[in-house]
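Number of protein chains: 2
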Amino acid sequence: MISNRIRNKKLLDKVCTAKEAAMLIKDGMTIGTSGFTPSGYPKAVPLALAELAKERNEKIKINLYTGASVGDELDGVLARAGLISKRLPYQTNESLRESTNNGCCEFLDMHLSHVPHYAKLGFLGKIDIAIVEAVAITKDGNIIPSTSVGAAPTYVQMADKVIVEINTSQPLELEGMADIYIPEKPPYTRPIPIVMPNDRIGTEYIPCDIDKIAAIVITDIEDNVRPLAPIDEISQKISENLINFLKSEVKNGRLTKELLPLQSGVGSVANAVLAGLEKSDFENLVCYTEVIQDSMLELLDSGKVLFASGTSITPSAEGLKKFKENINFYRDKIILRPQEISNHPEIIRRLGVIAINTAIEVDIYGNVNSTNIMGSRMMNGIGGSGDFTRNAYISIFTTPSTAKNGEISSIVPMVSHHDHTEHDVMVIITEQGVADLRGLSPKERAKAIIDNCAHPDFRPMLLDYFNRAKEGKYKHTPHILNEALSWHDRFIRKGTMKID
Amino acid sequence: MISNRIRNKKLLDKVCTAKEAAMLIKDGMTIGTSGFTPSGYPKAVPLALAELAKERNEKIKINLYTGASVGDELDGVLARAGLISKRLPYQTNESLRESTNNGCCEFLDMHLSHVPHYAKLGFLGKIDIAIVEAVAITKDGNIIPSTSVGAAPTYVQMADKVIVEINTSQPLELEGMADIYIPEKPPYTRPIPIVMPNDRIGTEYIPCDIDKIAAIVITDIEDNVRPLAPIDEISQKISENLINFLKSEVKNGRLTKELLPLQSGVGSVANAVLAGLEKSDFENLVCYTEVIQDSMLELLDSGKVLFASGTSITPSAEGLKKFKENINFYRDKIILRPQEISNHPEIIRRLGVIAINTAIEVDIYGNVNSTNIMGSRMMNGIGGSGDFTRNAYISIFTTPSTAKNGEISSIVPMVSHHDHTEHDVMVIITEQGVADLRGLSPKERAKAIIDNCAHPDFRPMLLDYFNRAKEGKYKHTPHILNEALSWHDRFIRKGTMKID
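Note that the protein sequences, when read in sequence, are chains A and B. Quick note: the first sequence, position 207, residue 207 per full-length UniProt numbering, numbers continuous. Quick note: the second sequence, position 22, residue 22 per full-length UniProt numbering, numbers continuous.
Each hint should be verified, as a subset may be incorrect.
[What the hints assert, rightly or not] Distance condition first, Cα-Cα at most 25 Å in a straight line; then the derived BS3-like pairs of lysine-lysine:
1. A:K86 / B:K126
2. B:K61 / A:K61
3. B:K86 / A:K475
4. B:K404 / A:K247
5. A:K139 / A:K212
6. A:K473 / B:K404
7. A:K447 / B:K86
8. A:K475 / B:K470
These aren't lab readings, by the way, just hints derived from the structure by calculation.
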């Protein structure tokens, strides 16, 4: 068994307990880990690290760099132990979110394609140790990643030392699904030779200098994947609106029935949107995305989607079980790439990806907030939404038109935080309808968004703001600056954006 | 003479007066023109169109799409005649700016690389007529562009009819400087084969179906280029700070003395920054930029810069004279590309361009406003700054720390319009100093920007805001929403951001 997983006998000397491996991690170090939207992240070593710090009553602090969100065994445990000084680039863990928002942990919210790129250029400082979850290590010391690739290839390349967590709960059949390609640094960068989503351009393993492998830990802790909320009526309506929009694009000759490669953000609305495709009459679809969720597997099952390229497989517990049981069916229909490639502007623009992401709020001029609630409170992070939106063939944002039982309007005069600007956002979809902003000036956009996307409870208030703003001296992007953020301020003070 | 310029005898039948050509333009049409940051734009036909409308007392309206800013003969004359219904994607003309801000003209502010891309995908509607300034038309009807390429190749490809302005003030020696390459639409797009700034990948002419050429107008009106302000003390200091920053990158091993391809925005500060390179000890530099200004020509003169790729040549009147007199020296040191290529994310990221652009204002968290003064008043537009910033090796924004005789702080609690978000901006430089934001969390950025870039008159006010914001409940991006835009509001009401 172990010889299947560790294929170089000399490496058996490196096998140790999680605690022994954790002892390599010192105060002030920067740790780069595998893991993306929580799958394929190291589990045993961070658990041991927290335990060790508690035992020794040490207040060590580390910088924790991952691919995207990771499970509670990494983010949650370390955040609660107060061990994280700085964290990048994305997270969904409740404890880490609390640490970020109460000021205990500095969080750096980055475009996911930028993370390995900047790390490689030396802009994120030295990476001391990389910790990578793997299904196996090859004879030459190369690492076969598990359910995600993320930024692990670059962290391994940059780190002084590598800790490998061999996770026996991850099937060996994952071998062959990864395609690892790390672009050279400028001026030696060459065109990335992907012209179809299913092009393979790299190796099945993460290249690793065998001498860097400092510890190998055997574990069987399963990916702590997140349950998906059932598809509610609002998500259902958003999905229908999206499908109808895509149909009209086909009708107008701007897309074919095969569409173009699809990218979809994570979460329940995103899942509903993909589920909607199942019942549509689009066919022979392909995906070039980040995360492969349940509905993507179902689309592969039915043959509606022929192929999916991503950087991680993150279904629900049930979906994961199905995936593992039918892995031979999925193996040649899925490629897992480094996030530098899955989210690369070059490839997204070349393939003409249709990008579908979720907004927290949208303003009347088409700016989108994906991250900071009421301007200051970090939710998860921008993730790959910026990589895809800026370079998409069509960039779409979905959001329910209200939140908090109707007290918050997701359409506001001005977003309280800007992640995607008016220059990048093409289409807004709520359960109310679709605003197609392509070719529209700011004032034309305002009309389209208020009329088609805002909830009727807030539509008159938005129109009132817009009309009064247009009375001002400068009418390009009409605003009343001392009122533009007053809806958020009212919510903070009174718990509602509505006026009494 | 004319046979050098119009090389197909049959096309001589198409030669007509500007007025006759202008009569092809009807109410409601969308016109796509050559021209980029004002050079190489059509002049005679728009002048005649305005005259014609006046003569006939017609109130026709057209949509005017260009490459970037164009001269007064196009933007100014048509704006003052009230003929422009919608205009994209960038402008610097006073009359057009007034039309935009008083609501007479709808202006759509776009990333310049997106313009031909979206036009080609049909997202900007039908292009009825393309008007292109040229130095010549080949035997096959292909068009040799003059001092800019811009979006003309795509407008010609998309338009029903093409009007060519042969401008005899533009030297025939410009032939050979253009390199025209239009990527196919997805799913047929292939890697753009540029790996060095001086790679030639296309044709010397804009491909044009000869039957589309509906009119040819001969003119000799010169490019109405803009004078450059002399380099003042503030620009000088910004330039010094920038050079010192680049030196420290070389010292830290993140750049070599050859640096990487440089992009520089337009205007006087940008010009000063490039002039600073002349005295530096960097060597064998190359540029991959949009606009070739005076200081770029001087850097080519001295051999400090070996090669420059751009989409337009726009020196001052004096610089233009020098360029024309020494065109044989410059011919093999400059390539003019379509703006889809000069600004393409694929190439910018591959080459590792160092992007240097000008901000109107910057906030303490590193968001940049490049376009809307006090949130609503359009200045020029985002231009290519977003294309370069997002994909740059290092993205730098420069701005004097104050404006309006010190009454406006260019560093504010929250920018009043967001063009570049915290996710994209790496370095801020004012005459006060340099804030290197790479790897910093929002609160760390605030400290760096306030300490290093803010003017001493405003530093205590910024610190006060930041410190009070940190007292709030959510500390990821601390803001006080009912105060975040109060500095702008105060300026609008009192003419100063200072507190009495």
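Now for the hints, and whether the structure bears them out:
1. Taken as a hint, the K86 of chain A and K126 of chain B pair is broken in the structure, with Cα atoms around 50 Å apart against an allowance of 25 Å.
2. Using a Cα cut-off of 25 Å, the hinted pair K61 of chain B and K61 of chain A is violated, with the two alpha carbons roughly 64 Å apart.
3. Among the hinted pairs, K86 of chain B with K475 of chain A is consistent with the structure: their alpha-carbon atoms are about 14 Å apart, no more than 25 Å.
4. Proximity of K404 of chain B to K247 of chain A is assessed by CA-CA distance (about 52 Å); at most 25 Å being required, the pair is judged violated.
5. A hinted pair counts as satisfied when its Cα atoms are at most 25 Å apart, and K139 of chain A with K212 of chain A qualifies at roughly 14 Å.
6. With a C-alpha separation of about 19 Å, the suggested pair K473 of chain A and K404 of chain B falls inside the 25 Å cut-off, and the hint holds.
7. Restraint check for K447 of chain A and K86 of chain B: the C-alpha separation of about 16 Å stays at or below 25 Å, so the hint holds.
8. A distance of roughly 34 Å separates the Cα atoms of K475 of chain A and K470 of chain B; the hinted pair therefore is violated under the 25 Å criterion.
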